[in-house]
Amino acid sequence: MTHLPYIVAAYGLTLGVAAILSVNATLRLRQARRRLAAIEQPRTRQPS
Amino acid sequence: MGEDRNFLTVFIAGTGAPGTDGSTLNATQSLTARTGNLFHRYANPGRFLRMGAKLQPWLTWPALVLSLAGIVWGLFFSPADWQQGDSVRIMYVHVPTAWLASSGYMGLAVCSLLSLVWRHPLADLAAVEIGPVGASITAVCLATGSLWGKPMWGTWWVWDARLTSVLVLFFLYLGHIALIRAFDEPQRGYRAAAILGLAGAVDLPIIKFSVQWWNTLHQPDSITVTGAPTMSTSMLWPLGLTTLGFTLGFAAIVLARLRASVMESRVRTILAANRGRQSAAAAPQPDRATP
Amino acid sequence: MTRKSRRLWLVVACMIGLGSAAALTLNAFSSNIVFFMAPSQVHSKPPPADRTIRLGGMVVAGSVHQEKVKDAPVAIFDVTDGQAAVTVRYEGILPDLFREGQSVVAVGTVNPDGTFRASEVLAKHDETYMPKEVAEELRRSGKWDPRFGKAPDAASWNTMTAADAPKKPATQTP
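Protein chains in written order, with my numbering: chain P, 1 to 48; chain H, 1 to 291; chain X, 1 to 174.
So that you can see chain P by itself, here it is in the shape it has in the complex (with noise of 0.2 Å):
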């Protein structure tokens, strides 16, 4: 009485969603601190 497919299925699906969560917020962190640092950068050098 074992529902192996059901088992690896719900298994599966729970890490895939988690991976994909993880991996977007990951990558558009970064994205978002190498933009943030290229702008700020020479904005901070000037004398105003």
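Just to be clear, a hint being listed does not mean it is correct.
[To be verified] With a straight-line Cα cutoff of 20 Å, these simulated DMTMM-like cross-link-like pairs (lysine to aspartate or glutamate) come out:
1. LYS208(H) x ASP113(X)
2. LYS132(X) x ASP145(X)
3. LYS70(X) x GLU91(X)
4. LYS132(X) x GLU100(X)
5. LYS45(X) x ASP126(X)
6. LYS132(X) x ASP86(H)
7. LYS143(X) x ASP126(X)
8. LYS45(X) x GLU91(X)
9. LYS150(H) x ASP96(X)
10. LYS45(X) x ASP81(X)
11. LYS68(X) x ASP96(X)
12. LYS143(X) x GLU100(X)
13. LYS68(X) x ASP81(X)
14. LYS150(H) x ASP78(X)
15. LYS143(X) x GLU127(X)
16. LYS208(H) x ASP221(H)
17. LYS150(H) x GLU67(X)
18. LYS54(H) x ASP203(H)
19. LYS208(H) x GLU127(X)
20. LYS150(H) x ASP126(X)
21. LYS68(X) x ASP50(X)
Read the hints as simulated data drawn from the structure, not as lab findings. Since this is a predicted model, take the numbers as computed values, not measurements.
Dock chains H and X against the given chain P, drawing on the hints supplied.
Structure of chains H and X alone, referenced to chain P:
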């Protein structure tokens, strides 16, 4: 609304918390003022980014370690259930996602309250970021529930009170996601979505108590605040690990998205300011550039 | 009152209003939200023969008869809620979890003679999760028979693990 604009400019300029409301007249006023100040201390984007960067590893790594440990334990080392056999292992991913679907919405409702009453700018950004994460988790909860229901109950789906109220929660998430992005002027979207977020919180007690108030195919909770858990400790441990791990993971993902969102809004503001300085007309900065 | 506290009270008032509206609505539709009827409800208020209802209860121990009619499996069993019992006839394959003492939900219609004709049978497992070994141990020691009701309190079998359960069968007497 001068007050709101004041908060926003403070948020964008990042020059500290807004001023207090002078004299205190009654208890509620002082309460709202005090709590408002407490929250607004973290509205400063620079301080939020510093604290967020410090907090992030403390969420991410424990989340990964605990989730993986719980999953391995649940899949390979926990015992099979006496009536469900190995299918009971679906519980170790289904229950944490169900808990997160509800508590994620609770977070959304708290953000909505902060947004409506205190006009907290960070709460609006947090609400934008919690929505998609919570909706994904709720979808996973429904899907794993289906995958558990088919072999055990003999059906993918039934319209009982528990399943239906969780489906309603999923649609509330989708509605919030759509509404908060539906307006050209972000502030109006935040306001409308916050009202939906608070109103939808009515569904949370319905989900929680549906299995007690009505006959449902879904079984009652095994772990309650008042009673002893009706579950063997050898199953309770992996379940506790995955629940804690997934919760930290949810927080870590939301925090990472929120940090990115604050950075993005800062980039937009700086770009808009640069454009404004360059243009000879020197027209006042449009509200649209605010987060 | 500042604007902030006025907004706070407005939100609180709206939530109270919305909450009570939801509570009243759910209360009014309570009988429709209920997923299944108990056998005693079916007895006291028999639904019309053409109406499909869901009947929920426990399978009475010793009442299950399975036979084959023209290669199709037919199961006849009694479902009880402790006060009344209804005989159910179901043509089809029963779910894995079906057994004596198990809670089930049968979908179908009530015949004029009071028996129930099911088109679908769903197994409803309870909230007790217990390792197989512990369940077998409890059964062998006579502490619990799954055919007659719920498992004993978790605290009494929490200490029994898969490893030590088979080692002490004789000492476990009620």
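Hint check:
A C-alpha spacing of about 39 Å is found between LYS208(H) and ASP113(X), which places the hinted pair above 20 Å, so the restraint is violated. The straight-line distance between the Cα atoms of LYS132(X) and ASP145(X) is roughly 14 Å, inside the 20 Å bound, and the hint therefore holds. Distance hint between LYS70(X) and GLU91(X) is fulfilled; the C-alpha atoms sit about 11 Å from each other, no more than 20 Å. Using a Cα cut-off of 20 Å, the hinted pair LYS132(X) and GLU100(X) holds, with the two alpha carbons roughly 17 Å apart.
Taken as a hint, the LYS45(X) and ASP126(X) pair is broken in the structure, with Cα atoms around 27 Å apart against an allowance of 20 Å. For the suggested pair LYS132(X) and ASP86(H), the alpha carbons sit about 10 Å apart, so the restraint of at most 20 Å is met. This hinted pair checks out: LYS143(X) and ASP126(X) have alpha carbons roughly 19 Å apart, not beyond 20 Å. With a C-alpha separation of about 25 Å, the suggested pair LYS45(X) and GLU91(X) falls outside the 20 Å cut-off, and the hint is violated.
Note on LYS150(H) and ASP96(X): the hinted pairing holds, with a Cα-Cα distance of about 10 Å set against a maximum of 20 Å. At most 20 Å may separate the alpha-carbon atoms for a hinted pair to count; LYS45(X) and ASP81(X) meet this at roughly 15 Å. Using a Cα cut-off of 20 Å, the hinted pair LYS68(X) and ASP96(X) holds, with the two alpha carbons roughly 18 Å apart. Proximity of LYS143(X) to GLU100(X) is assessed by CA-CA distance (about 17 Å); at most 20 Å being required, the pair is judged to hold.
For the suggested pair LYS68(X) and ASP81(X), the alpha carbons sit about 28 Å apart, so the restraint of at most 20 Å is broken. Pair hint LYS150(H) plus ASP78(X) does not hold up; C-alpha atoms about 24 Å apart against a cutoff of 20 Å. Restraint check for LYS143(X) and GLU127(X): the C-alpha separation of about 19 Å stays at or below 20 Å, so the hint holds. A distance of roughly 9 Å separates the Cα atoms of LYS208(H) and ASP221(H); the hinted pair therefore holds under the 20 Å criterion.
For the proposed pair LYS150(H) and GLU67(X), the alpha carbon gap of about 25 Å is over 20 Å, so the pair is violated. Taking the CA atoms of LYS54(H) and ASP203(H), the gap is about 35 Å. The hint is violated against a cut of 20 Å. Of the pairs offered as hints, the one joining LYS208(H) and GLU127(X) holds, with about 15 Å between alpha carbons and a cut-off of 20 Å not exceeded. Distance check on the hinted pair: LYS150(H) and ASP126(X) sit about 16 Å apart at the alpha-carbon level, within 20 Å; holds.
For a cut-off of 20 Å, the pair hint linking LYS68(X) to ASP50(X) is broken: about 27 Å separates their Cα positions.
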